[in-house]
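Asks: Letter by letter, the chains look like this.
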Amino acid sequence: MMEDEAFTDINGKSISLDCQNHSGFCREFTVSSSKVSIGKVMVYTSGVWLLAYTVFFFTENTAVLTCAILVTLVGMMLHIHFVKVDHESLLVIGSLGIQVSSSYASGRETTTFIEQSKIKDIVINEAIYMHQIIYYLCVLLKDPSEPDVVSSVVPLFQSSKPRLNCLVKVYKSCQEILSKC
Amino acid sequence: MGQRRRASAVNNSSSQRVSGAPAEVARVPSRKHNICMVSDFFYPNMGGVESHIYQLSQCLIEKGHKVVIATHAYGRRKGVRYLTNGLKVYYLPLQVMYNQSTATTCFHSLPLLRCVFVRERITVVHAHSSFSAMAHDALFHAKTMGLNTVFTDHSLFGFADVSSVLTNKLLTVSLCDTNHIVCVSYTSKENTVLRATLNPEIVSVIPNAVDPTDFTPDPSQRQDGRITIVVISRLVYRKGIDLLGGIIPELCLKHPDLHFLIGGEGPKRIVLEEVREKYQLHDRVRLLGALEHKDVRGVLVQGHIFLNTSLTEAFCMAILEGACCGLQVVSTRVGGIPEVLPEDLITLCEPTVRSLCAGLETVIARQRSGSVPSPASIHARVQNLYTWRNVAERTEKVYDRVSGEEVLPLDRRLRRLRAHCGPVAGSIFAFVAVLNFLFLLLLQWLAPDRNMDMAVDATGLQRLWRQEPNSKVSPMKRAAEREISS
Amino acid sequence: MVLKVFFPQCCNRADSGLMVGRWISGHDSAVVLAVIHYPFIPGQVKQYIQQMQAQSGVELSVLGSWSLPKEGQEGMESFLRDLSTIFPQERWLQINREIGKTGFTCQILDRDQNGRAVQRESKKKTEKADKANGEAGGDKEEEEEEEEEKVIFVHYEQRKVMQSQLHPVENGVSDPKTDPPSELRQVFQTVARSQPLFFLDRYDDGPLKSTHWQTEGREASIIVELLKQASVPLCLLIGWLLSIWTWICGIRLFSLYPLRFLSSKLSTCVQLSYRTEHMRTLSSMKPAVGHTQFMRKANILVSFLVDVALGMLLIWWLYRDNHITMLANTLVPAADHVAKELEQLLQWLMGAPAGLKMNRALDQVLGRFFLYHIHLWISYIHLMSPFIEGILWYGGLSACLGLTFALSLLSDMVALLTFHIYCFYVYGARLYCLKIYGLSSLWRLFRGKKWNVLRQRVDSCSYDVDQLFIGTLLFTILLFLLPTTALYYLVFTLLRLVVVLFQGVLHLSVDFINSFPLFAMGLRVCRSYRLAEGVKFRVLCEEPGTALHLLMEINPLKCSTVVQTYRTPTYSCYPKDSWAALVKKLFVGELIYPWRHKTTKTD
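Residue numbers (the UniProt record's numbering), protein chains in the order written: chain A, 1 to 181; chain B, 1 to 486; chain C, 1 to 603.
Note that these hints are calculated values from the structure, not bench results.
Quantities reported herein were computed from a predicted structural model and do not represent experimental measurements.
For glycine and all other residues, C-beta sits at the position ideal for the given N, C-alpha and C.
Treat the hints loosely; a few may be bogus.
Pairwise CB distance ranges (calculated) [unchecked claim]:
1. C:His167 to B:Gly289: 43 to 49 Å
2. A:Glu109 to C:Cys541: 15 to 21 Å
3. C:Phe294 to A:Tyr129: 42 to 48 Å
4. B:Gly289 to A:Val83: 48 to 54 Å
5. A:Gln158 to C:His167: 21 to 27 Å
Model the full structure from these sequences, guided by the hints.
Replies: Right, dumping it as structure tokens:
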């Protein structure tokens, strides 16, 4: 089953949620953010090059221009490899665990798997983020030897930051699976 | 844009103004409000203002209103926390400058406070304590956003020195277009009205209260053969610790069975320690240091007499607590203290060492002769004098009245500032108000209201918080603090 | 509850047979380790399994049957079910796969109290081919779905899982009752310890034929075998050399106080003792027990070899083209130059530096004192100048023990050469510190307070008139002499800080070479599956009607975690105080030793 509805993130940009039901106790949720916009890239590049050209105009040193080109290229590569997240996904496998992965614009993927014995619950929580107060979905972890104490909190969908309606959907789905196993 | 009119509520308020006995039957049931209490001083800091806010909020929640508290972050305690009965507290990460008070720039708290007001759908902003910069900021921003405002003042101020003149001017500016002001005693009302040149009709007096179940007497804790005087206060200048330092040696010399039990911490502790060392009174004067709120009652019941030496006080909750525990109260006659307890429960003296000694001597003599009323009877009398539910009821009336009033739009507000607050200060703050308004417009463009998720209510009409089955237990006794950390 | 079956990828196309593995208690999962093919004799299978269990220490058992019918072979379902009676188990798994389809089907037979086999079906199996449960039929399907057992197949690559180590590494035996190891850890441990099971490859002539990752032939590496053979005599040799060296170090002559103090301060000696420790670790005859010890040994060996290689490189560069002579020839003029600059600086301070007016008398005293020191030092350098080349030549040879030695030697030489700056700094700091304390104490006297040493707080105190008079006098004197002292202190502190900074850089690089885990990083780069932080799952595309199939891959450790976990503990040198504390110390005049050296850690 694949569902695709239009949701927005906390800044108003549109994101999309994709729920895949692999089995009765295995579901995957993928939140995709907007792609790198060509407009922004052009604005930044032109800005940097204009600045470099102005400096060149006063100093007559071509190294400045080379520098600017290098800076732009390296900056763009670093941005798409380390900063720009393409989509984040949550794979819930009943009685095995939860897998959280983010995939960057360059194709690099980082994955974390949390075992079922370490998971206490999945909840929606409120937090102060910069100048806003937002809702976010998180996994509460516990130490298997101390089942009553929350040992740490792992927030989900940190780069795409969907709004409450999207989170509630994912939350309800996850609770169905967690309650079964 | 930032302004809202309360045209629909005018009918409601007019019907309430005509209320009398026959109209009670036909009175429109008061509406439930969404209240935001703002102050720098809240749990985990313990004090008069803090417990006032907490108790008032709990009683208002009981009545069905939605209450949310905004304060600054205390150490690692940041974000959203829930206290008993679903009381939501926002610990906002604003920089603390001095004495648990945030820095005031009139702008830096606007984004977060706006977020709180919008997502909780606040209708009334209730600020506490003139020492709290965050409270004044919140009033300022609430007026820019078109919300009704109420301010409660908990302290008295002087008029003469430079710092007082400046502070009073700031208070005038802050309160000149606030909808309603609440003071804790008549003395405090006079003081505030004079300081801020307010219209006395918009100032109400709602005294503080004490939770009688927390402060019960226990004469078995007292030690026989000695008379113990208990002092519990912050050890600062305005609480008259220098006076205490003069009383202790005189009285201890005259009465060999007199003991002092002093709780609290502060910069004047050194005065007491030096007095103790100079007169070799280590076994008769005990300095307990900072006390947790839950330990205060345990200390109070160990004493026979409660002493308060403050040099200025609007409404002293400490003497109420002392009397509630069945102690004889001796206090200085300053500020609003004469209004708190009836004559036979308190001995008032002038704020000098000699007068306080004389007062204490009479009480000690009475204690020795046994002609003091029993602690249980004192407790019974005090218990009915002040209750928090009464305070909440009166505050609710203030909210009902306030929600019918209109909030001044920007042009009228600027004119009022310039007219009421003097040429210099008025113009400066009018300018600041305009900047504030422009900043609000900028924020509404950068992060529009429609992008904010409305908060899920824990209290109020659409409450989702589960009621505990043993709801008869008083809110303060319940130690359940649901921590959902952030 | 969901049943999880960890199935090796190498057995995906194995012929039909029996599955051997382990049930993981408490987690409702089973790890399949190998498949033993038909034809077999059940008695021999049981004997083999017991033998393997004894050798490996893993609780092996026959989990069930695996059926992949080839072309022309009929289904053997009844035969397979009858096998369950031969091998008495709590549960018996029957896994079927058909050629051309990617999904597996699983039937589970549970043993109920009567000893009869009761069958439960997997969720989406459409054929109902048995009669044990009574009526089969569509109308009972809803009830059966609630009781139905769900199965997940987790495919893993056996070779990688066997060689991988899950982090954080748990050393020692943890109590299985209070702290049961997690499911994944148990899976990894099971596969790693079942090595004896994987020795039987297809070229063996034994009675049993099995399929596992080494079926095509056992893996071995010639280099590793050669190293293992060569390591024994090498260890003996190193051990013998070490014992001689320890005997030399243990001579009583070297335990005299001045020598001991010197050797603890000189970084070359510290580095020597440190390397001795390393050699001792390497030369121990016992093979490494456990992953951590093995990694530690390997890291030490590799970093030692790299160190020596770099040292050789340095020697090659130093000893050609007369570099040493050039260095020696520039050293003495450089020292002269430094001395002249210092003298000029002092002359400037003795005059009116930056327009400030100094106290002439104190100025002259301090200035002349320091000038005399410099004169002494320059004479000393000139005395040494013929020997400098020799010293450098022999000192450079020390680099054959490693680059770290050369750097430590350089750091020591710098320390010795700039000893006079250190002395100046100490004199200036002590004077300044005395002045500051005096001033603060007399300032308290002004305000009628004093420092209560017993109570460690500031107390009020009433002074006599003559006490106040003398106090004021002293205060004025100290206050007016403050600028002079402060200036000298400032100048020499700055010089000292420059030297300290340079030495710090050298020490940091020595520390880096010592502690960086090169072997672990190399392993992470080339064989990333050996160091596992966790696992990753991927859902394999399923056909409707089969159970869920997941692929378990190893998530390698992050590079930063590798460095953090495998860092060899050293006498690391790092800043002792935070910036704020350092500035405060400088202001008050306390002597600063900004780099802290831990004593050598022995594990």
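Asks: Checking each numbered hint in turn, tell me which of them this model violates, lowest number first.
Replies: Violated hints: none at all, because every hint is consistent with the structure.
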